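These protein sequences, in sequence, are chains A and B. So my numbering is basically just the index in the first sequence, starting at one, shifted up by 1. So my numbering is basically just the index in the second sequence, starting at one, shifted up by 39.
Simulated from the structure, these hints should not be mistaken for laboratory data. Accuracy of the hints is not assured; some may be wrong.
Cross-link-like lysine-lysine pairs, in silico, DSSO-like; alpha carbons within 30 Å at most [to be verified]: (1) A:Lys224 with B:Lys129; (2) B:Lys111 with A:Lys176; (3) A:Lys46 with B:Lys111; (4) A:Lys176 with A:Lys319; (5) B:Lys261 with A:Lys82; (6) A:Lys335 with A:Lys319; (7) A:Lys335 with A:Lys369; (8) A:Lys440 with A:Lys224.
None of these values were measured; they are calculated from a predicted model.
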Amino acid sequence: MQLIRMAQMIEVTTMPETHPKKVLEVRDLSIGFSMQDRVVEVVKKISFDVNQGEILCVVGESGSGKSVTARALMRIARPGKILNGSIRLYDDAGRCVDITELDEQSEDMRAVRGDRIGMVFQEPMSSLSPVHTIGEQIIETILLHRNMTAGKARQEAIEALRRVQIPDPETAIDKYSFELSGGMRQRAMIAMALSCEPEILIADEPTTALDVTTQAEILRLIKRLQSELGMSVIFITHDMGVVAEVADRVAVMYHGEITEIGTVEQIFHKPAAKYTRHLIGASSRFTITGDQDRGGTLPRDGAKKMLEVRNLNLTFRKSTGILFRKVTEFNALKDVSFSLAEGENLGIVGESGSGKTTLVRALVGLLKTDSGTAMYQSDDGREFDLLQPNALRNAGLNREIRMVFQDPFSSLNPRMTVEQVIAEPLVMERKHSRSDIRKRVANLLDRVGLPSNVLSRYPHAFSGGQRQRISIARALAVNPRMIIADEATSALDGSIRSQILDLLFDLQSELGLSYMFVGHDLGVVRYFCDRIAVMHNGSLVEIGDAASVCQRPERDYTKQLIGAVPGTDPSNRRLILT
Amino acid sequence: MLQFIFNRFLTMIAMMLALSFVCFFIIQLPPGDVISAYAAELAASGDSGGLVVEQLRERYGLDQPFYVQYLKWVRNLLIGDLGYSFNLSKPVSEIISGRIGISLLVECMALVVLWGIAIPIGIYSAVRRYSAGDIFATIFGFIGLAVPNFLLALLIMYAVFIFTGTAVEGLFSAEYANAPWTPGRIWDFLTHVWVPVLVISTGGAAHIIRILRANLLDELGKPYVVTARAKGMAESRLIMRYPVRVAMIPLVATVGWVLPTIISSSIVTAIVLNLPTLSPILLRSLLSQDMHLAGALILFMGMLTLVGTLISDMLLIWIDPRIRTGMMDA
């Protein structure tokens, strides 16, 4: 039965061009949110079709309305409301149902959700219930739409897990989401969305929260399942690299409108809209194969060493139990050694859990190390071991190394104004007058490209990119020599990411900074850094010039990491081999 | 799992020992000892009673050093001798056993009513935020929080008296006060008990409604709720199954504080309504420095807190798998 169905599907999918059969037809769809006195239209009269067996990528930056569109297709966009337009869902026999005419809560609509349209979300951790096993959640979906016994549904759920290549599905089914790794969680999520074999799968940024290697696996999995089950996929992303890898057709969204829609080749090779060209331009800067050197500000040869890290070891110990004490150990850093020259940008890449954040936290004294040294040459030629408690603080030099964090939303105190946030390190130094501080803060804002009239506003009034500018201004307030940026651009969209990186470059040439740039996106690290260090399971496995690490990697792990980076050209796919 | 519960149990025993020491210390705090107070009382009534006093001194080891007294006291506790209430002229164990049943019954009924009204209202308030019902529940909640329980008790007593001409007071009419449990007595009990149950539960309910509403509002916006919606689940079932379960976790954690209220809760209410429960006794013993009785009650409350904490830990393990695995590692 399954085989026959698959055979039929393959027959259909091999000829999508000759018989493009519509499964979904969206016409003049507008979606709005009710404010107190008016309705704000966030999606404006968009129209598109989804054909059977194709992957339609919807690409755009955050706030472009792509997620709310996806939710409107399932009528779960609340508090967003469909203002007008139609969403027609066709079945095999050509009958159609207009989703906009159904009541959100009605049985007819619920029969569409989960059964005919499945959905996968961005954050697999928070999108799965924390208090139910993944099996319970999948079985529940099956029982909602299929008339079968609980035992049979469990068998189906195990099959669903097997289909997404979760190892040992009979055991995995009784696990909770927090017991699985990020990639496995997302697989479970996909298994759940596909448990009733829907005609359409909507994947809303399904790989954005994942490592590059896990992303590659998930992309391959979605592509394979799509052709196996002959379903259509609406794939929402902001990453043009991912689009180039998986899309058959692409819809580009900007400010709630579709600016361009076409086959992936058209979009990448003959983009018509200016915005599309801008998106492609922004993403192609971060290719790992390019030969570019960063903006002409490479450190001069023989620059003096600023930081020399030798044999750094760090173990996390968790001691548990009151009466029967047990200690579990985890070697987070194993014999890590590297150096950083003045004016240099060192990138640290690795998957989550590889120890890259632990490393930089140890360097700024947030974590205590077991052994090793990190000799730092201060501006006035003195030498300190950063790993000694309060080494820099005691010398009055803790301003020389500053950090910028990943999440621009949680790393700024929401109850402090921009001025207070930026001025805080200056106030802490207790040697500046009020008016002096005020002047410097205004100056800093100007440096990071924000108008000085924002001083008295609170962080929530700013976008992600603007907040990251505020964080950078805070780091710069005390004239540091070295900035440690821990995934500082990971939460930002493509073009904003470029702007922030350019800002960091500009500041570097003006102020002679050095950067340690921690990231999981190899393209960005390649673009920004002179040298790259690759971390894996707490060890530093490879370090070298950015170009040679990316183009002539020596270690298998590095090769694997580089092999997982999406390409930029749909006719030359790196991950999905057709 | 069993290992964990066993560990917790051992910890609890250790805590109880520490607690008993503190209680004993409190008993010893007033100058002199209980016997001298009793002797003074006897002397005032003209009875020298020297022999009785000496016997009592010996029985409680009052002529011996602190730690010996403590050990004797603990040993007496273990065999059920909680001391003697000189104020009420009865053994403490007799006083407590005579009242604990009623205390337990009233508190449990109040708890059931409290959770029974608070949870549905809390869920409704969160799901239909800012609806007329929510606003009404909010107003009701704040009134419940703001009106002191004893005042509510007085108001109800007054209203009942105005409308029916009878006084609701105590838990039994005079003729049933010491009668055995017959259908007539049960009916009599029910006609009395609704007042304290209503009074105690409204104050608490307001609290729980606010907590549950706030917790649930946080949970309703979580992505896993959207996921459940995307599965095609009916909204009402979905809300009960996912966010409500998570929102209940902090409430379950408070079960530990509920048990000791069997003794200490609503002292003023119990006095106003003249209830034959333990809480008026606690107040009286403290006022009259009847330290054996007060110490026993304080010890009891402490132990109930410990047992309640153990129970809420076990409930938490059952309801929240994250805690389960976290504690298993522990």
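Now for the hints, and whether the structure bears them out:
no.	hint	verdict
1	A:Lys224 with B:Lys129	82 Å, violated
2	B:Lys111 with A:Lys176	52 Å, violated
3	A:Lys46 with B:Lys111	86 Å, violated
4	A:Lys176 with A:Lys319	23 Å, holds
5	B:Lys261 with A:Lys82	19 Å, holds
6	A:Lys335 with A:Lys319	18 Å, holds
7	A:Lys335 with A:Lys369	14 Å, holds
8	A:Lys440 with A:Lys224	55 Å, violated
Checked against the numbered hints listed earlier, the structure breaks hints 1, 2, 3, 8; every other hint is satisfied.
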